[in-house]
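**Student:** Produce the complete structure using the sequences and hints provided.
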Amino acid sequence: MTVGEPMKMSIAELKEQARVLRRDIITCTTIAGSGHPSSSLSGVEIMAALYFGGVMRYDPAEPHWAKRDRLIMSKGHASPLLYVVLAHAGYFSTDLLETLRQIGSPLEGHPNMSRLPGVEASTGSLGQGLSIGLGHAFAARIDNADNHVFVILGDGEQDEGQIWEAAMTAAHYDLDNVTAIVDHNKAQQTGWVRDVLDYSPLTEKWRAFQWDVQEIDGHDMEAVLEALQRAKATQGRPSCIVAHTVKGKGVSFVEADYAYHGKALTKEEEQRALEELGWQ
Amino acid sequence: MAVKPDIEFTMGKATRDAFGAALREAGKTNADIVVVDGDVNNSTRTEWFAQEFPERFINVGIAESNLVGIGAGLAACGKLPVIASFACFIMCNGYDQLRMSVAFPNLNVKVVGSHAGISIGEDGPSQMAIEDVALALGLPTFTVIVPADEPSTHKAVAAMLESVGPAYMRVGRPDVPVVYGDDPDFTLGKANELRSGNDITLIANGIMVSAALEAAHTLAADGVEARVLDMHTVRPLDVEAVTRAARETGKIVVAEEHLVQCGLGSVVAMAAAEHAPCAMAFVGVENTYAESGDPAALLEKYGLTARHIAAKAQSLL
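From first to last, the protein sequence lines stand for chains H and A.
If you use this note's numbering, the first sequence corresponds to residues 1 to 280, in order.
If you use this note's numbering, the second sequence corresponds to residues 1 to 317, in order.
Hints in this document: simulated from the structure, not taken from any laboratory.
Predicted model only: the values in this text are computed from it and were never measured.
All clues given are correct.
Partial chain H-side listing against chain A, Cβ under 7 Å, derived: (1) Ser114; (2) Ser131; (3) Ile132; (4) Gln162; (5) Glu165.
Sample of chain H residues with no beta-carbon within 12 Å of chain A, all distances over it, derived: (6) Ser34; (7) Gly90; (8) Leu96; (9) Gly262; (10) Lys263.
Output of the computed footprint for chain H on chain A, the stretches with three or more beta carbons under 8 Å from beta carbons of chain H: (11) 55-61; (12) 72-79; (13) 101-111.
The C-beta atom is built at its ideal place from N, Cα and C for all residues, glycine as well.
**Tutor:** So, in structure tokens, the structure goes:
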């Protein structure tokens with residue numbers, strides 16, 4: 001990849017890449033013995049499209065390259081997803097994935113920007129990533145630069161008031177260099193979102209906050225790619241993509257049970273999961 | 001250093017005014033400075049910067065959590081964000097963001113809290129930060145600065161902007177006496193000795209510095225020569241100055257316009273306990289919130305005057 005030219009896979013290649021990412025999310029969390037694989041699995045197509053579908057401009061050889069686009073993983077517990085993507089994008093060796101959550105490893109339980117190249121924000125206290133993204137967007141505006149900022153939000157995270165403070169601010173300042181992507185997987189730590197705190201209608205809320213909103217199937221690679229490209233090109237308003245996803249996507253027994261939140265699969269479950277994904 | 005020789009203070013501007021003026025001045029030479037305020041820019045005086053550099057000023061509305069996060073993002077991009085609101089609102093409402101988005105990643109965000117302490121007066125306890133220094137001390141990596149008067153605040157703002165890493169500066173609403181001459185020495189982490197003496201040491205910051213000097217003047221009438229230290233930087237603390245004061249004077253009174261249990265007094269006591277234990281006494285807001293009222297009357301009622309400092313000193317002699 002030459003500097004400034006994003007990696008651009010075909011749809012077929014992206015789908016295969018998603019299968020690789022799912023495998024690595026499951027294996028690294030099972031080795032770690034803890035972590036949030038189900039929260040990571042729901043965002044795989046979104047992250048694959050961003051990093052490997054030609055949406056984001058970045059250079060793993062120069063993590064702080066001024067012209068790079070930004071990805072902020074506001075739902076920091078999906079760190080396994082972020083780490084496997086950054087590893088496959090070339091920020092560090094995939095061998096490092098085995099060290100997830102171990103003492104001394106820069107792959108901490110939640111992302112730590114001080115220790116790992118490619119991590120744009122330290123997250124893990126929910127609600128904070130969008131505001132940080134706005135800071136990046138304001139900096140780009142002040143510099144007349146064209147960096148785009150993508151922020152991945154959880155749907156449980158929509159409970160946090162700070163999200164809506166940031167939503168109002170981005171709209172007021174017409175920050176069209178910001179795209180928020182809600183990984184709407186319908187589940188949070190103790191139950192389904194509709195049972196814990198039913199904030200529906202979500203899409204209408206973002207519309208009411210004056211964002212340009214697209215609602216898509218977050219596992220349809222073509223739809224994800226198209227929505228991201230459109231969001232990046234949108235002018236005059238910030239963009240929100242409400243991506244309908246499935247928590248634990250690709251592993252049937254995880255999809256069916258929200259109680260898998262924050263649990264690594266056992267060795268035996270890992271084998272079943274990898275079989276379902278066509279790896280064995 | 002030109003220190004005023006006697007106790008006839010002249011009144012200077014409020015430390016928030018000095019902050020606003022120094023920030024506007026710094027904006028002229030440092031294009032990286034971006035100021036973010038939570039819709040109190042006419043109170044914090046960041047509006048003076050905003051008027052001159054509107055393209056580098058963001059009013060985020062009354063949303064301190066978001067305010068802090070935006071500051072973090074700006075810093076991550078190499079900007080020098082100065083984020084401001086009332087001390088109680090930015091420190092209390094924005095605290096998780098200060099912890100997670102600023103302190104933990106050690107980002108170069110300068111946080112300024114105005115209207116600190118009970119001397120804001122009539123607006124009452126909901127607006128009075130009496131815990132902001134404690135909260136700032138709870139953020140590893142933060143430098144914590146409490147300047148005393150107009151001239152030293154100018155220097156403190158410049159020093160803070162030159163330093164690298166997160167910092168919190170507390171400034172106040174009312175006009176305060178000038179204890180320094182023009183162009184005072186100011187080094188972060190280095191106490192300024194405003195009066196020499198070997199019988200006891202009075203350590204203070206913020207508006208309590210002038211009160212400490214006044215108390216020393218009173219004590220001198222009784223033949224007690226008090227050393228007075230302006231401990232404008234609470235962290236990193238000038239441990240050497242504390243140790244020297246403990247060894248040379250044997251007694252220390254600490255005075256602050258803040259909860260007495262968890263501010264300057266605590267860190268000074270810790271330093272003295274470790275390096276040169278000595279008799280100590282503390283002046284500050286006791287375990288309570290204050291109330292609305294005239295600032296001078298409040299300071300008197302809640303025990304934050306020269307008279308209270310002198311009485312504590314006498315109790316140690």
